[in-house]
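Asks: Sequence:
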Amino acid sequence: MLYLFSVRYSGAEGRAVMYFYDDEGGTLRAVPDHSGHKPYLLTELPPEELLEKYPEVVRHPGFNKLDVVEKYDALSDRWVKMTKVEALDPLSIGGSPKSIREVLRGHTWESKIKYHHCYIYDRQLIPGMPYVLTNGEPKPVEVEVPESIRRLVKSLSEDKIQEEEMLEWARLLNAPIPKIRRIAIDIEVESEAFRVPSPKLAEDRVIAVSYYSSDGKRGVLLLRRRSEDEEKSINIPGAEVRFFDNEKDLLHAVFTLLDSYPVVLTFNGDNFDLPYLYSRALKLGFKKENVPIVWSEKAEYAELRNSIHIDLYKFFTNKSMKVYAFGNKYREGQTLDEIALALLGKGKVKHEDTIPEMSYEKLAEYSFRDAELTYELTAFSDDLVMKLIILMMRISKLPMEDLTRHNISAWIRNMFYFEHRQRGWLIPNPEEIIQQKGETSTKAIIKGKKYLGAIVIDPIPGVYFNVLVVDFASLYPSVIKTGNLSYETVRCPHEECKKNIVPGTTHWVCTRKKGMMSSLIGILRDLRVYVYKKVAKESKDDEEKQQYEVIQSALKVFLNASYGVFGSEAFPLYCPPVAESTTALGRYAILKTMRRAVDLGIPVLYGDTDSLFLWNPTQEQLEKLLQSILDELRIDLSIDKEYKWVVFSERKKNYLGALKDGRVDVKGLVGKKRNTPDFIKNLFTDITSALSQAENITSFEESIEKIREDIKRAIRLLKEGEIPLDQLAFNVVLTKDLEEYNKTTPQHKKAAQQLLMEYRKLYGSVPMSVTRGSLVSYIKTRDKQGVKHLQLARIDEVDVEKYLEVMKTTLEQVLDALEISFDELLGVSPIDEFLRPQQK
DNA sequence: ACGAGTAACGC
DNA sequence: GCGTTACT
Numbered sequence: 001m002l003y004l005f006s007v008r009y010s011g012a013e014g015r016a017v018m019y020f021y022d023d024e025g026g027t028l029r030a031v032p033d034h035s036g037h038k039p040y041l042l043t044e045l046p047p048e049e050l051l052e053k054y055p056e057v058v059r060h061p062g063f064n065k066l067d068v069v070e071k072y073d074a075l076s077d078r079w080v081k082m083t084k085v086e087a088l089d090p091l092s093i094g095g096s097p098k099s100i101r102e103v104l105r106g107h108t109w110e111s112k113i114k115y116h117h118c119y120i121y122d123r124q125l126i127p128g129m130p131y132v133l134t135n136g137e138p139k140p141v142e143v144e145v146p147e148s149i150r151r152l153v154k155s156l157s158e159d160k161i162q163e164e165e166m167l168e169w170a171r172l173l174n175a176p177i178p179k180i181r182r183i184a185i186d187i188e189v190e191s192e193a194f195r196v197p198s199p200k201l202a203e204d205r206v207i208a209v210s211y212y213s214s215d216g217k218r219g220v221l222l223l224r225r226r227s228e229d230e231e232k233s234i235n236i237p238g239a240e241v242r243f244f245d246n247e248k249d250l251l252h253a254v255f256t257l258l259d260s261y262p263v264v265l266t267f268n269g270d271n272f273d274l275p276y277l278y279s280r281a282l283k284l285g286f287k288k289e290n291v292p293i294v295w296s297e298k299a300e301y302a303e304l305r306n307s308i309h310i311d312l313y314k315f316f317t318n319k320s321m322k323v324y325a326f327g328n329k330y331r332e333g334q335t336l337d338e339i340a341l342a343l344l345g346k347g348k349v350k351h352e353d354t355i356p357e358m359s360y361e362k363l364a365e366y367s368f369r370d371a372e373l374t375y376e377l378t379a380f381s382d383d384l385v386m387k388l389i390i391l392m393m394r395i396s397k398l399p400m401e402d403l404t405r406h407n408i409s410a411w412i413r414n415m416f417y418f419e420h421r422q423r424g425w426l427i428p429n430p431e432e433i434i435q436q437k438g439e440t441s442t443k444a445i446i447k448g449k450k451y452l453g454a455i456v457i458d459p460i461p462g463v464y465f466n467v468l469v470v471d472f473a474s475l476y477p478s479v480i481k482t483g484n485l486s487y488e489t490v491r492c493p494h495e496e497c498k499k500n501i502v503p504g505t506t507h508w509v510c511t512r513k514k515g516m517m518s519s520l521i522g523i524l525r526d527l528r529v530y531v532y533k534k535v536a537k538e539s540k541d542d543e544e545k546q547q548y549e550v551i552q553s554a555l556k557v558f559l560n561a562s563y564g565v566f567g568s569e570a571f572p573l574y575c576p577p578v579a580e581s582t583t584a585l586g587r588y589a590i591l592k593t594m595r596r597a598v599d600l601g602i603p604v605l606y607g608d609t610d611s612l613f614l615w616n617p618t619q620e621q622l623e624k625l626l627q628s629i630l631d632e633l634r635i636d637l638s639i640d641k642e643y644k645w646v647v648f649s650e651r652k653k654n655y656l657g658a659l660k661d662g663r664v665d666v667k668g669l670v671g672k673k674r675n676t677p678d679f680i681k682n683l684f685t686d687i688t689s690a691l692s693q694a695e696n697i698t699s700f701e702e703s704i705e706k707i708r709e710d711i712k713r714a715i716r717l718l719k720e721g722e723i724p725l726d727q728l729a730f731n732v733v734l735t736k737d738l739e740e741y742n743k744t745t746p747q748h749k750k751a752a753q754q755l756l757m758e759y760r761k762l763y764g765s766v767p768m769s770v771t772r773g774s775l776v777s778y779i780k781t782r783d784k785q786g787v788k789h790l791q792l793a794r795i796d797e798v799d800v801e802k803y804l805e806v807m808k809t810t811l812e813q814v815l816d817a818l819e820i821s822f823d824e825l826l827g828v829s830p831i832d833e834f835l836r837p838q839q840k
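In the working numbering, the protein residues as written are 1 to 840.
Take these hints with a grain of salt, some might be off.
Cross-link-like lysine-lysine pairs, in silico, DSSO-like; alpha carbons within 30 Å at most [as the list claims (entries may be wrong)]:
(1) Lys179 / Lys706
(2) Lys673 / Lys660
(3) Lys322 / Lys450
(4) Lys346 / Lys232
(5) Lys681 / Lys652
(6) Lys447 / Lys652
(7) Lys498 / Lys450
(8) Lys248 / Lys287
(9) Lys139 / Lys154
(10) Lys154 / Lys537
(11) Lys761 / Lys784
Calculated from the structure, these hints are not laboratory results.
With the hints as constraints, model all of the structure from the sequences given.
Replies: This is how it looks when you write it as structure tokens:
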């Protein structure tokens with residue numbers, strides 16, 4: 001079968017070219033689009049007026065023709081006549097200052113036509129979906145939806161139309177996912193130490209290129225630079241090593257490889273590997289047509305002429321991917337080493353020599369590992385990431401190159417735009433939404449925020465046994481669905497709807513029409529919660545089970561961001577009242593549930609946004625609560641967690657609990673935060689795990705003796721200087737570049753500056769980058785600065801006193817709540833004992 | 001270039 | 001009291 005992966009505009013052919021992946025041959029097929037569909041803009045100016053006011057439009061060399069079309073304007077709830085201005089190619093429509101869009105500025109509706117996507121939309125071809133070619137025309141492959149899913153869909157939908165809509169989504173999600181033949185590439189260049197090679201100038205030789213493919217082609221291409229003796233001993237397990245006398249031949253071999261795979265994977269290939277190969281090749285005298293890389297300085301990404309290039313650096317630094325798909329397992333997600341260690345448990349090859357100094361063998365090993373890791377990032381868990389990409393292409397309707405390079409707001413934007421075009425709706429201009437629906441009616445608690453957010457209920461401090469946590473599964477998508485929230489339905493133009501107020505706001509919601517966002521997000525939510533999670537759990541077939549798992553997690557990525565985008569100015573359907581109404585309905589739901597629980601006699605200990613902590617409810621009380629909330633709010637409340645015990649302090653978002661299955665759950669406490677020194681973090685973990693053994697109040701007492709010993713030992717080691725420096729380091733991320741800290745000088749900035757200064761002294765230049773996103777490790781010291789970068793500090797400079805204080809405040813977060821005094825715990829306070837002589 | 005709310009700490 | 005970070 002053929003799977004649509006991408007569509008590009010070909011200037012040479014004057015039309016779009018569709019790229020299909022043929023899963024039988026494992027090849028990419030370019031199919032020219034002969035449908036006659038052209039990119040277009042819409043304007044409310046009637047044709048005569050347009051011709052009169054903007055005669056240059058029809059004289060534009062890219063102009064094709066004018067048409068009148070009927071479109072639904074959701075903001076005014078009317079069908080309107082629009083003039084469709086068609087162009088011969090995407091470039092004449094948007095982008096350049098001389099484009100038709102610029103000429104018509106202020107009149108265009110479809111202001112975001114970019115690249116080629118309009119071709120796909122009008123043809124209703126969906127990226128990632130299977131097709132067959134009939135006389136060169138792609139026809140969708142019929143997708144069978146299993147009976148079990150059909151039944152679930154039927155039971156969920158309110159009417160026939162909605163059932164059909166849901167089934168359409170089910171076909172999209174259930175369509176087969178191809179195994180993708182692909183190759184990962186990594187290059188090394190001969191640059192001097194501490195100089196970042198420029199991909200534009202490409203001054204240094206390419207000395208190694210590694211590749212690692214899905215069909216077993218794996219190896220390293222090396223440039224011969226010194227005596228041949230070294231060559232004989234090279235053995236890299238799993239890799240074929242080839243030497244080239246001449247760089248040009250090496251590049252030629254690389255280009256042949258690139259050309260023979262439908263998908264090429266790199267890590268940072270957009271900014272380094274591919275532009276470098278491109279510039280280097282031209283520099284060595286290659287003709288452009290013999291280089292399969294398409295690149296220019298202002299290009300957004302490096303494209304390959306005959307394949308799809310995925311830059312995994314861009315994909316894995318995408319916040320949604322980090323947070324939702326991988327549970328935030330890696331933090332900055334900046335380096336291949338870090339991401340690979342987190343997801344694969346294997347990092348880059350460590351090395352001491354610089355790249356040009358390395359032996360052939362070391363260089364090959366180092367480079368090959370990079371290619372291997374790059375490939376493995378897409379291959380682990382049975383090609384999980386490739387499958388996720390295909391599914392998210394289908395949901396967002398974005399081609400593979402675009403999906404992997406853009407953030408969630410672009411995915412959701414594209415999903416909604418597609419829906420507009422499908423239904424014959426106009427895509428509203430951002431300014432019009434703001435103009436008609438701009439205002440908010442609530443006041444945010446946090447300074448600088450636009451509207452009121454979630455509720456956090458004050459915890460009741462103490463230790464509680466048998467605590468049950470109930471939560472709303474995806475609360476915000478649920479209230480968007482049940483509240484009929486959408487940019488066109490909130491503050492709609494109908495007089496009779498103004499009575500239908502969103503509690504806690506001055507907004508009203510349409511009672512006549514179903515909102516697009518509401519219906520789409522509702523369908524995706526129901527499919528995830530009631531269909532795919534369920535069939536994934538019940539499926540006996542491993543492969544099928546995995547596909548359902550991938551589907552539900554792909555849906556999760558979209559649902560989790562579906563509320564946030566409406567509160568973001570960068571989102572073109574930005575609509576503050578929608579975002580504000582969402583949190584308002586969320587607050588309404590949680591407060592209502594809390595009141596109901598109290599009425600039923602269940603003590604509520606704590607709650608945050610979408611969850612409530614209930615103290616020892618009876619089965620009957622619980623069932624009543626869940627049922628009455630489902631009946632009344634039409635949002636299902638379910639049991640999330642069960643604790644043997646939970647400890648609350650007076651602080652919100654701070655608690656410690658032991659789950660029924662024996663795990664400990666620590667939220668928000670400093671002892672868990674990643675900037676806390678490992679030494680304290682480890683001690684904290686020891687204490688919480690000792691506590692987790694406790695089944696009742698008396699066994700708490702027994703744990704305390706062990707805790708006492710742990711703390712005493714830690715203090716002794718600290719005083720004796722036995723704790724290694726790295727265990728004492730605070731680890732804090734620079735969220736801005738150094739120069740931007742102009743209001744204050746935080747400690748991590750100080751430490752970063754010290755390090756840079758030291759390197760300048762040693763090398764005259766700065767070898768590493770200390771920029772936005774870097775993690776800075778520092779030690780608290782006794783000198784005037786009070787802080788030293790980990791790499792510059794000595795063990796005898798450690799400010800033991802400060803560390804004891806940090807230790808105390810950190811541990812007290814747990815001990816306080818248990819009514820254990822840190823000092824008392826230690827009997828004669830070793831801290832005082834230690835501090836006294838020092839203070840004199 | 002997805003939201004708001006909370007805590008802690010240094011300046 | 002504000003700025004910054006990490007967390008929910």
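Asks: Checking each numbered hint in turn, tell me which of them this model violates, lowest number first.
Replies: Of the numbered hints, just 1 does not hold.
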